[in-house]
Amino acid sequence: MNSLLAYIPALPLLGFIILSLFGRRSPKPVIAWVGAGTVCLAALITIAVGVAFMQSTPANGAYSQLLWSWFRVGALSVDINLRVDALTLVFIFIITFVGALIHIYSAFFMWHDRDMARFFASMNLFVCSMLLLVMADNLVLLYLGWEGVGLCSYLLIGFWYEVPSNSRAANKAFLITRIGDTALLIGLFLLFKELGTLNMNAIQQQAPQHFTTGSADIVLITVLLLVGGMGKSAQMPLQTWLPDAMAGPSPVSALIHAATMVTAGVYLIARMHGLFLLSPVTMAIVAIVGAVTLLVAGCSALAQTDIKRILAYSTISQIGYMFLALGVGAWSAAIFHFFTHAFFKALLFLAAGVVIEALHHEHNIFRMGGLRKRMPEVFITFLAGAAALSALPLVTAGFFSKDAILWYSWSSAGGTSVLWFMALVGAFITALYSTRLMLVVFWGEMRTPVHQQPDRGMVIPLIILAFFSITAGFIEWPHNMLHLSLFSDHVQQVLPATVMKRDLPSEWLFQAIATVITLTGVYIGYMLYYGKSGVRWQQSPPLAATRDFFFSGWKFDQLYNFLFVKPFLFLTRVNKSDVIDKLYNGIAQAGLRLNGWFSVSQNGSLRLYIVGVLAGILFIITLQLLL
Amino acid sequence: MTNLQLLALLPFMVLATAAVVVILLIAFKQSHTVIQVTGFFMMCAVVLAMWFVRDTLPREVPPLLVVDGLAALFTGLIIFSVLVVGLLSYIYFEEREENPKEYYILLFLATLGAAVLTISRHFISFFIGLELLSVSLYALIAYLRNRNNAIEAGVKYLMLAALTSAFLLFGMALIYMETGSMEFTAIGNAITKSGTSVLFLMGIGLIVVAIGFKLALVPFHLWAADVYQGAPAPVTAFIATVSKIGVFAVFVRFAQAIHLHENALAVTVLTVIAIACMIAGNVLALMQQNIKRLLAYSSIAHFGYLLVAFLSGDAGVGAGVFYLLAYSITLLSAFGIITLLSTRRKDADELSGYRGLFWRNPLMAAIFTVALLSLAGIPLTAGFPAKFFILTVGVQQHMWLLAVVLVLTSVIGLYYYLRIISTLFASPPLSPAKEKSLHPLFYAATYTSLVVLMFLLAWLGIFPGFIIDNVQEFLVIR
Amino acid sequence: MDISQVLFYALSAMALGSAIMVVISRNPVHSVLWLIITFFAISGHYILMNAQFLGIVNLIVYAGAIMVLFLFVIMLMNLNAETEPQKNKWLKLAGVVAGGCLLLVLVAALKQAEVKGKVAMLETGDIGLIRNLGKALFTDFVVPFEISSILFLSAMVGAVVIGKK
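Protein chains in written order, with the numbering used here: chain A, 1 to 627; chain B, 1 to 478; chain C, 1 to 165.
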């Protein structure tokens, strides 16, 4: 099995190379087969590796394959070494499996785009980078993948670069995640300075001996790693890029900005749990960041009208849940939520893509409506996804993962009632905006006619994803219901078990409250948005103001514009004629001036030249006399 | 004189024979092509002879000559340059009315002069070599008499060369008077024994004048632009490479023998000259529109850089040789392009004539671009490691002022090199196609050699270590 | 001060004086004639140093052959004082100043120099004798001798090339 690992990232890389070299001249079927085929093959290999892993856990709990030594600088030696343990296995499964479904969908979705080859090349490169990120056994290789996915995200957000706003969105995403990347890089430098290694295993082993719990060093390092994760995972206050990133094609949003890349921060923190456990302060920060983000983003999702922006804010909010779980030490719950979220959020984005395509690129949900009858497959699958998102009890995957997080946010050693309450409010909001989305888009009267039905090739991935959105939760049941915990057993080979408080109330009580809250959310949504009942209350001024506030994403863009962009522009305007430039201009001016003077000597007169020689001799001899 | 000594002089004798053979061929009314090809093979024979005697080095031929690693290196460099110059000459002169045959006699005699300089260790051979070089050059520069500038350039060179030769002789006389010897090592010994005196220093100063003239160092540089412009393009290439390499070689040997770089006064003088060269050369080239004049100014600046290596003493010799090698290849490719573009009536020296060359002849433009990048010292071309080594030895010897000036003036230099490159890639004017009357084989040969030179530049730029190691190996043969 | 010293100073004065006259004469023919006198004075110096052969050769080659050639050329070109082009006054001044400064500085430098008993070997040297000269030229200095012959070849070819047609 070890020798198969390299093929998993290598296949998409091969696809990328073929497509970028020959893509322009290849016919579309070839592009589709290469682009989607490589990822499907990688998914098959991943499943084979996964089956082997399940059957007999390898020695040290991981497969690993050393490809070659990348570089050696002083004490730092970096190998290209792939490593697959239980945690990585979950991630590569999602990346390749969901990725393969999205690629198949894209083959049909992008068929009429003239830059199909560029699209698939970028997507394949993304899959390769993301796989490297999660399969790396050292942080340098991880960072390579980290930057690679950032680059691909940039390329794909700006895929339709002719529209200026798309390029702006790409730039924004790149710049804001850059802040996180820089913090991560500094964190890595500090870590290397302290431990002298960037190998993950070595870090996990050495960290407890090297750092005392809660010391300034470890707090600083973990906070820097956290900021890195916040940038990639669009957590407060670095969340503003993700809604704009919806400028990219829908499959990109599904793959990069819902299922995989944005959860890189979750992976990083889970992978570095050894460090984070040494710094309770950072853990608390992680939990608070997650809780605040899930509320803020949820409220914003309530007010959006663009179907993809609703889903984008919803993604931010759901990743907030994962951060909350990480922060309270519910490691396996966080990864489990990542697992289920990848299915249903990818599904929602893909289905949204179908809807948008069918309605002549209409993004506004209030100009949709009544699609229930006209697009039944899309309706059913979307319903499954939305149900999972709002965590309808027992019948959806989202319930199992989110219920675990709600429970642990109270009951684990790091949990508090405030965090639990925030998560609960978040669940309510989630149910509310999911219902709103469903009702507005699929019920009511039809406002835009459907001009094309989706291809079969696009519907099949939706159905598969819908199936998993419903059933993926059944592998992990709450403790009080069934003693089935396949998922947490699996990831706890790597991640520590959650530490619980003592003397807890019954878990049934919490589940009942969560269920009631969710159903209340659905019911209120139904009351407000079914039929025309919603029109009146939306007109009242205070609500409208609140809605505008939420609509603009809590005015974060304006705040940053005021705090950073304006001062920066002011500085550049003040420094328009660069002070430093003066120096270089001075050199140029002096050069030209001297050129004028020296040129006088080149007048072609032999006598003057002889005078020059004599002057030289005079200079030399006079110098001798003087010295 | 023993057989072994004669053997060591074999390459130089072959070189002298080459001139005589050309005379005989002319006497028997052979064609230009025959002479050209024979000349080429004679030069190859010189290289072979050099290779043949390589193991017997070092060999002294008292009292005047010594054939050692340094001499072998510089002679090799000279012969290499002459090979290329000879190739360029064929196309250049075949297209002109004048009878080109005597040109080769003078070319080989001048080469012999430069080669003699590299093996000199005595004032007499120094002077004779220098004169042999100069006298041949007078005629070479003025070779195309019908051109306006040719005779003027020749006379200017003649007058100034005569003037500086007089100072050279005076300086030699003063040193002889002080030390009682004309042999470099004996002078060095006498000086270390009794210390320097005013007479000796003045002698050195006057010799520096003559050397400064030949190397076109400021303030003895004023002739350079006029002569470069007036001389036929291959001769300009010859002046820029062979003549300067020979003079630099003898200067290095002389300086090593008398420990010049330990003499504070001489170092001060040369430092001032080096700084003046770097500044004046680069500044003069800034607005220049004539490529040949521009290359003249550029070569002034480059010899300023070279002086930095020279001032570093023994450590700098390797860097200096490498620099000369990179510089020669670069200039030869640049002059190759000028030669190829020159027409029957005039040389292609106006910058405007190069406008849009890339669209007419991409290969030429590529070669010229690489050459200019190398002159500017851009990485991945030979010019970069060359300048870098010089900077390194300069910094190692704590010559901060020189290092700073070198870097600053290199930046200025970048401007005019890039200006030419941007001209090459500008949109082309409508221009008539150049007539080509020669056998295509010669164009093919010239192009091939230029392309080889271009790849050499890239190779030196990327893997300079190989050459540096070999140079160091040669330099220990002494 | 014996006779040879007197002769030395007299010849030196003659050489310098006539050399200055070469430069400042307006008529080119006069310049040539002054130059011949200079060569005579220098030949006298050679003889003073017991180098009779060199003295005679100097006379024959320079004063005899080359100067006659010069005279022919000047006469053929019909040069005289009137045809001499007028130079820029300022340039002349610059030349005088530069030359004067050079002289001044050279004198100043050489005045400091102590000549450590290295006086010219009047009457005693024997290298200038034809026998010793021949021996030196054809044994130790045979290579430079050959090279100088090539130097003349080069000059000859150059003259032919430039002067042809």
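Honestly, the hints are just simulated from the structure, not real lab data.
There could be a bad hint or two in this list.
Said to hold, decoys possible - Now the stretches of chain B that chain A is said to cover, found in silico as 3 or more residues with beta-carbon under 8 Å:
hint, stretch
1, 15 to 23
2, 100 to 107
3, 223 to 234
4, 263 to 270
5, 384 to 392
Unchecked claim - Some chain C residues flagged as far from chain B (calculated, every beta-carbon gap over 10 Å):
hint, residue
6, 5
7, 18
8, 50
9, 109
10, 110
11, 147
12, 148
Stated by the list, open to error - Calculated cross-link-like contacts (lysine-lysine; reagent style PhoX-like; alpha-carbon spacing at most 20 Å):
hint, chain 1, residue 1, chain 2, residue 2
13, A, 555, A, 566
14, C, 111, B, 101
15, B, 29, B, 101
16, B, 29, C, 164
17, A, 566, A, 576
We put the CB at the ideal spot given by N, CA and C, even for glycine.
Please settle this one: residue 147 of chain C was flagged as non-interface, so is its CB more than 10 Å from every CB on chain B? violated, 5 Å
Within 8 Å of chain A (C-beta), three or more residues of the stretch 15 to 23 of chain B: violated (count 0)
Holds or violated: residue 555 of chain A with residue 566 of chain A, Cα cutoff 20 Å? This hinted pair holds, its Cα atoms lying about 15 Å apart.
Assertion that chain A covers the stretch 100 to 107 of chain B - criterion: three or more residues, beta-carbon distance below 8 Å: Check failed, 0 qualifying residues.
Check whether the Cα positions of residue 111 of chain C and residue 101 of chain B lie no farther apart than 20 Å. Between residue 111 of chain C and residue 101 of chain B the Cα gap is close to 53 Å, so the pair fails against 20 Å, i.e. violated.
Hint check: residue 566 of chain A vs residue 576 of chain A, CA-CA at most 20 Å. Holds or violated? holds, 15 Å
Hinted pair residue 29 of chain B and residue 164 of chain C, Cα distance within 20 Å: Answer holds: residue 29 of chain B to residue 164 of chain C is near 17 Å, not above 20 Å.
Check the non-interface label on residue 109 of chain C: least C-beta distance to chain B beyond 10 Å or not. Since the minimum Cβ distance to chain B is about 5 Å, residue 109 of chain C lies within 10 Å and the statement is violated.
Proposed proximity, residue 101 of chain B with residue 29 of chain B (alpha carbon, max 20 Å): holds, 10 Å
Given coverage of the stretch 263 to 270 of chain B by chain A, checked by CB-CB distance under 8 Å (3 or more): holds (count 4)
Examine the stretch 223 to 234 of chain B for residues whose CB is less than 8 Å from any CB of chain A, and state whether their number is three or more. holds (count 3)
For residue 5 of chain C, is the shortest beta carbon distance to chain B beyond 10 Å? holds, 19 Å
The structure is inconsistent with the numbered hints 1, 2, 5, 9, 10, 11, 12, 14, although it conforms to all the rest.
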